[in-house]
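Student: This is what each chain is made of:
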Amino acid sequence: GLELQLSYTLRHQHPVEYTVPIQLPVINQVFGTSRAVKISPNSPVARLRPVSGKYMLGEVVAVRVPLLHLSNFQINDWPELSTKRYALMVLMLPSDSARQWHVHELELVEVVADQVAVALSHAAILEESMRARNLLMEQNVALDLARREAETAIRARNDFLAVMNHEMRTPMHAIIALSSLLQETELTPEQRLMVETILKSSNLLATLMNDVLDLSRLEDGSLQLELGTFNLHTLFREVLNLIKPIAVVKKLPITLNLAPDLPEFVVGDEKRLMQIILNIVGNAVKFSKQGSISVTALVTKSDTRDADFFVVPTGSHFYLRVKVKDSGAGINPQDIPKLFTKFAQTQSLATRSSGGSGLGLAISKRFVNLMEGNIWIESDGLGKGCTAIFDVKLGISERSNESKQSGIPKVPAIPRHSSFTGLKVLVMDENGVSRMVTKGLLVHLGCEVTTVSSNEECLRVVSHEHKVVFMDVCLPGVENYQIALRIHEKFTKQRHQRPLLVALT
Amino acid sequence: MNTTVVAQLQRQFQDYIVSLYQQGFLDNQFSELRKLQDEGTPDFVAEVVSLFFDDCSKLINTMSASLERPDNVDFKQVDSGVHQLKGSSSSVGAQRVKNVCISFKECCHVQNREGCLRCLQQVDYEYKMLKTKLQDLFNLEQQILQAGGTIPQVDIN
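Protein chains in written order, with the UniProt record's numbering: chain A, 1 to 505; chain B, 1 to 157.
I should point out that these hints are in silico values taken from the structure, not numbers from a laboratory.
Note that beta-carbon positions come from the ideal geometry of N, C-alpha and C, so glycine has one too.
Check before you lean on any hint, since a few could be wrong.
Claimed, not checked - Computed Cβ-Cβ distance ranges for the label pairs, DEER-style:
id, chain 1, residue 1, chain 2, residue 2, range
1, A, T207, B, Q23, 32 to 42 Å
2, A, E456, B, S57, 36 to 46 Å
3, A, A150, B, T150, 28 to 38 Å
4, A, E238, B, Q8, 40 to 50 Å
5, B, Q23, A, E456, 40 to 50 Å
6, B, Q8, A, L382, 25 to 35 Å
7, B, S103, A, E448, 49 to 59 Å
8, B, S50, A, L182, 45 to 55 Å
If we strip away everything but chain B, and leave its shape as in the complex, we get (with noise of 0.2 Å):
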């Protein structure tokens, strides 16, 4: 085991995920996630986050299809629907596509189809952008118990 590779990757894992969490991707409950990732559970995370990436895909084309014809929208289906994106979001510390969710909810709400479409789109792009920066932290963290390393704690407050 090189231990100067495995300190740079370390490192970089580190700054990577608090950049993350500056930037606003992820909140606090990301982190008491990682903390429920043990021995018993190595895939717990990755887990959790891949059931909410196909949610979200799913959820989006549903309220897609629902926003789909400006004369017959179903907004109650498009609130239903956010509002189970909001609660996945919070219960992974995705927090800007919850905070997207919020926005999206009001515009429901008050039946706005131009902004539940935009909502719509902000949504896919968060939710995209979130999956590709958590591919990244996986892989560095496999590379990191590829070189025998051990994943660091991250305390975010």
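If we strip away everything but chain A, and leave its shape as in the complex, we get (with noise of 0.2 Å):
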């Protein structure tokens, strides 16, 4: 500034706005040197009392205090000097004395300068330093209420999701099954599409409700994996049963290739697990027009090929990778990272009709790291179709494999109906594959199966103890009847234990 201010004196406690101008010459002078300088008692600097009427004003000497700024304290070296600012320090003896100031008072007064420059300093540092304290209490304070406000705002989400789950929920699923049962009415051509897109609609609409109330759990982590002990093959089975109707539609081959080393009961989170799955063979059954799916489960070993998640398996667990690969439009390899982002279509899907909510890879993603898992999508281009693979961490149940081990066979993979075990059924056919393929299915159905290959035959060999007889009836005539009205003599007499007769064309 352009003046000086008394800030500081011994006696007043509240000193007087008292300033200088800081170009007098006698500042200057003293300024200029680290000495002590004698001044005139009559310098505006030194005429701080009102002349009091005495005969002789005490002498005074003045010298210059550095003010150091933080920055001046280096570790190693004492601060230099060379900083402009100054604060002068007068000092007077008392008036009417005969003392005079000696040089070597002089001296002590400019070691006092000195120590007096490091004290302002520590000063200054210090009301610094509380200042910092004071700003940093006050942003813990403010965090702490922006913590506190951003808590309540999530349970107030987590509620209305609640509600709105409940809520949503409960028209749409009216909705959906009141369009299915008017399918099932008489309806002209035109109400049954419209029938139809709203069916499709609706469920589109149910799916994409779905998913985003559980991205919203999945994103603030409040999603937890819910762990049970579940067949893994008939896991896989049951998904390609789900797609086979759209497959069948598309006419796509699908193949499942299960590896031998594949556990069967594991533990995990079986239904989001299905969701995965389903999602990407969805996925892959949706974007492609023809030629066919594989779906290829293993367990993969420490040499993964994704350089950056090495897989080790540990005692009772171990690593699915599932790989579904299609031969469908493929995708550009620039637009495969947006491929997980929710929401996001790039160019190549957009041009697709699909129907699909743009959720469904971000959520098996999401789910897929919940497992601990991985997942990411190959493909040589457009036109070249592309390979979807994941590997999640499953856990080994301990009824797992025993079977394998003890050489027990499997359960056959299409369960038979209880309801026929041990039923006594004849077949009559005259060609004999015919008879030996209708024979094949009845007994994987678990019936026990005679064979006949002539209408005699048959009447000959039907009894009582057959509870249905399945005739081919492919040779045209009468006869069929005619035998079936024989049959149907021969137990007359026992109409309760009358067969049941099929005709098979």
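Now that you have both chains on their own, put them together as the hints suggest.
Tutor: Pasting the structure below:
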């Protein structure tokens, strides 16, 4: 500034506002040297108190006091006095005394001036740190408030979602259920088309709603996996069965390849794993116009392709790797990272006449991550199909694979209907091949099958033990009807034991 | 068990069987037949198919004999033979054979000897072709089993 302000005095507690212009010659003189300088008592800096009529004003000495800044304190060096900012210390001997400043006293004054400089700087630093501490405290309070506000917001959102979850789903289900029922009634073609559209749209909306709810729970980490023991092999077959109807319409063969060392009984979240596989396989089917789809499941070893994700099977856990390869439209390698971003649609995807929400892959990725796994897509480019691959960690169930080791044959894939087990039936077919095929089917369903190749033989063999008689009626003529009549006659007396007659064409 | 070899064989098997379907040699009935095979009946498909080919051979011989003399063709007998063949081929999913039988039946119906002979020739060709293809398929299956692997399930729709 342009003035020096009086800051401290020895006697007066509250110094009066007293300033002197900084450009005074006496001040320049004092600031120009590090020595204490005798100055005139009449100088403006010395004329603090009103002259009270004494004869002799005491001698006055002034010395500069360097104002040290925080940055002046180097660790190794003594602070340099290169700073240009000074305070002015004025020492006045009492009036009317004969005392004079002596040389050694002046030296003392100079030393004191340095110490005063240090003290002033300490005070400044202390002030600064206290200011910083106050600021920090204020920030902490603000952060705490923000955190509590955020928590309140999340709670409010969860409450909202929980309520809306139920509130939205109820009418949605009503729409879907009643539209389905409507489909079963007699409708004109236009009406049927309208109902189908309503149904498709509502299903889409329901899926979207579920996805959004799932995703929001996944994002704030409140979703937890529901672990349980389940049959992994069966799960894959179920997924394929679910996808079959769509694949039928599109004439896409699907092959399932389960590795021989794939455990059968595993521990994990069955519902969510199925959701992931269904999503991936569904996408493969959805986006393929022709060709074929293959689903492979295997146990990964530690040397995986993905360089930054090393898989080490531990104790009772293993990593399942599923590869779904399709021969569909393929994906531009640049678009691959976007696939897992929710709602992002690439150019090529947008041109497809798909009805899928944009969330499926994003959710699958979240689930895969929850299962401590990894998911990625490889494609050689547009038109060259693509392969979706994911790894997830699953536990091995204790009850698993004992059957494999002890040589007990596995339970067949198609469960036998318990209502047919041991049912005695008779199959009559002239054609040897057809006879064998029909027998094979019935045996597979659990029946006890006797076969005959002619009507006469049929009449001879049929007994009350046979609950059902399957007859091939491809031969034209009334013969078949007559045979039926004759079987009927055979059992007139025991009507309750008459077998059921089924005609095969 | 060498998993790479098994995987390769499985891949080969898959591709081969898919191609058989796509080329129309087999239809959905064959895949239904495969589903009936399990631990209790491990050779079911092979047995049925073998029976079918025997049937084909016998029926073709009989029909050939019936069609031999141009002035004395028993179309009823030929028709009955074709009928049998059509039924058998339907049961095993031999699509191409079945399709020829449909035309064959038509020729019998209009008593066209030339047409019948042509169809007979075609049926003979088709069943022998299918026999070779299925033989290759079964060989692949055996190789997979011997290498310790399992036969992949293939869903054809």
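Student: Against each hint, give a clear statement of whether it holds in the structure.
Tutor: Consistency of the hints with the structure:
T207/A and Q23/B have their C-beta atoms about 38 Å apart, which keeps the hinted 32 to 42 Å range intact. At roughly 27 Å, the beta carbons of E456/A and S57/B sit outside the given window of 36 to 46 Å. For A150/A and T150/B, the hinted distance range of 28 to 38 Å is not satisfied, since their beta carbons lie about 53 Å from each other. Evaluation of the 40 to 50 Å hint for E238/A and Q8/B yields a failure: the beta carbon distance comes to about 28 Å.
At roughly 42 Å, the beta carbons of Q23/B and E456/A sit within the given window of 40 to 50 Å. In this structure, Q8/B and L382/A meet the distance hint of 25 to 35 Å, their C-beta atoms being roughly 28 Å apart. For S103/B paired with E448/A, a C-beta distance near 40 Å fails the hint of 49 to 59 Å. Restraint check, S50/B to L182/A: a C-beta distance of roughly 51 Å satisfies the suggested window 45 to 55 Å.
Consistency note: the structure conflicts with the earlier hints numbered 2, 3, 4 and 7.
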